[in-house]
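Please put together the full structure from these sequences, using the hints given.
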Amino acid sequence: MKKVITTISLGNREWTSNVFKLMQTYADRCGADFSPICDLNRVADFEFPDMPDKPGRPNKLAYALKSYIAWYFFQRGYDRVLVLDDTCCIRPGAESLFDTVPLGKCGYSQTSPVHAEKSFKTIRKVCNRDENLPLVDFDAEAYMNSGVILYDRNFQDAFHPSKIIMARELLYASHPHQTLLYYLFTLGHVELHCFDKKFNSIPAMKLSKQTRFELENIKPFIDSRVDIYHLTGGFNHRASLITQLTEHFLRK
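Mapping of the sequence shown onto numbering that gives the first Met the number 0: residues 0 to 251, in sequence order.
Please keep in mind that the hints were generated in silico from the structure rather than gathered at the bench.
Simulated crosslink set (SDA-like; lysine to any residue; CA at most 20 angstroms straight-line):
hint, residue 1, residue 2
1, Lys53, Lys120
2, Lys196, Gly232
3, Lys2, His192
4, Lys20, Gly92
5, Lys162, Pro133
6, Lys251, Cys29
7, Lys251, Ser95
8, Lys20, Ser95
Restraint ranges, calculated between C-beta atoms of paired labels, are given here:
hint, residue 1, residue 2, range
9, Gly103, Asn40, 32 to 38 angstroms
10, Met0, Lys218, 35 to 41 angstroms
11, Leu39, Leu102, 29 to 35 angstroms
12, Arg237, Asn131, 36 to 42 angstroms
13, Asn235, Leu134, 35 to 41 angstroms
14, Cys193, Met0, 18 to 24 angstroms
15, Asp129, Pro91, 45 to 51 angstroms
Note that CB positions come from ideal geometry on N, CA and C, so glycine has one too.
So this is what it looks like as structure tokens:
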């Protein structure tokens, strides 16, 4: 059973040194390799068409790569691929997700029904416009926050590059990877396992959205029960918060 932990980190991401140290430590605990993708030359065989920055978010290639990377490692002999955002901070001693998610299933954590509804509107719109994209069923409980996803080789065909390219217009959604991934999961009849939120936890969620956006000190919100913190773009001082959190973990 070959396992790998990976993340896509392109451009100037000042926090990656500490984040990568924690990911390497976690990989060692899980009996997995750690292989981040920081250079597009490594994935040059993914011939993804150019897409405009608007509508939606810029750099759509990066979101497409988050699903392609599972296929990439399956082709290199891996059986399970854990893909993390490069803003995920892993607590020393964290439980292995590979042990938590049953073999033969892909692991995810749920997102909000509001995000699910908004995302599926894009899927419905694109599928109704493109006869080559069959419309899939809507299941709000199967919608994921895609910052932490464990892929299983049994479903590698669901993430074939041709399917990602075929469905690329879904990346115009406000939550691009979540929307694309839900479509690929559902179209490919992927068996899913919903894991505990402790493996994909956004800190300070009890604060109002605006207060959380302006947060400058992460320490009061560190919870020893959380294994993986995921700091999204919803934090204005994200780089500083990641540095605070990773340095706290590394001191341990």
